Amino acid sequence: MSELWAASALSVRIAAVATLVTVLFGVPLAWAMARRKFPGRGILEAIILMPVVLPPTVVGYALLMLFGANGWIGRYLGGYSIAFRLEGAVLAAVVVALPMLYLPAKAGFAAVERELEDVATLMGANRWQTFWHVSVPLARRGLLSGIVLAFARALGEFGATVMVFGWQPGRVTLPISVYAQFEQGDLNTALPTVLVMAIAALGLVLVYNALASQRD
Numbered sequence: 001m002s003e004l005w006a007a008s009a010l011s012v013r014i015a016a017v018a019t020l021v022t023v024l025f026g027v028p029l030a031w032a033m034a035r036r037k038f039p040g041r042g043i044l045e046a047i048i049l050m051p052v053v054l055p056p057t058v059v060g061y062a063l064l065m066l067f068g069a070n071g072w073i074g075r076y077l078g079g080y081s082i083a084f085r086l087e088g089a090v091l092a093a094v095v096v097a098l099p100m101l102y103l104p105a106k107a108g109f110a111a112v113e114r115e116l117e118d119v120a121t122l123m124g125a126n127r128w129q130t131f132w133h134v135s136v137p138l139a140r141r142g143l144l145s146g147i148v149l150a151f152a153r154a155l156g157e158f159g160a161t162v163m164v165f166g167w168q169p170g171r172v173t174l175p176i177s178v179y180a181q182f183e184q185g186d187l188n189t190a191l192p193t194v195l196v197m198a199i200a201a202l203g204l205v206l207v208y209n210a211l212a213s214q215r216d
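Under the working numbering, the first residue of the sequence shown is numbered 1, with each subsequent residue one higher.
Since the hints were made in silico from the structure, they are not lab data.
Since the structure is predicted, the reported quantities are computational estimates derived from the model, not experimental observations.
Do not take every clue at face value.
As the list claims (entries may be wrong) - No farther apart than 25 Å at their CA atoms in a straight line, the calculated lysine to any residue pairs in the SDA-like style are these: (1) K37 to V112; (2) K37 to E115; (3) K37 to I48.
Use the sequences and the hints to build the structure in full.
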């Protein structure tokens, strides 16, 4: 049971930090994509959404190729590597969770009437004030829905995380714990972990459905 609590705490910690990073990066990105047109916009959006269709192990492989000790970026960071580090697990969760936030957030911003933003600008608000006090409140249901989906995706992430984070006794996430117990050939041992994840998933889906019904 202590191992279950440790895995739960680590999973929630990674998912919470990843969701925060995803919000800080993804919300302005979703607003810009909903409001601005620029060259390469379609390619950028395709890159953002690629983790939805790519196998998570491929995402993990790509992160190692970029940020590993000998990666395309890692080699310029003094040999720093995200492999087997907590920040690597967070980065993997951010990459796979970003599309879950991006799509509802973009839809929420696209639904905001431009006239309301124009009125705020005419009344003296700058771009940041208009974004924070007009666009975000009016798109809040889409944003909240995206945050719930991003947290749920980060909490359940396995493939990319196991490629980057690996697993060691006493330092596993909930999905990795299930796989490790399966590898040991004892399915009954994994049952409590599976139940915890199923209950968490059900609760998050119910929250998302509640937000979606309010939007309707």
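Cross-check of the supplied hints:
Of the supplied pair hints, the one linking K37 and V112 holds, its CA atoms being roughly 17 Å apart against a limit of 25 Å. Distance restraint check for K37 and E115: the Cα-Cα separation of roughly 18 Å lies within the 25 Å cut-off, and the hinted pair is therefore satisfied. A distance of roughly 16 Å separates the Cα atoms of K37 and I48; the hinted pair therefore holds under the 25 Å criterion.
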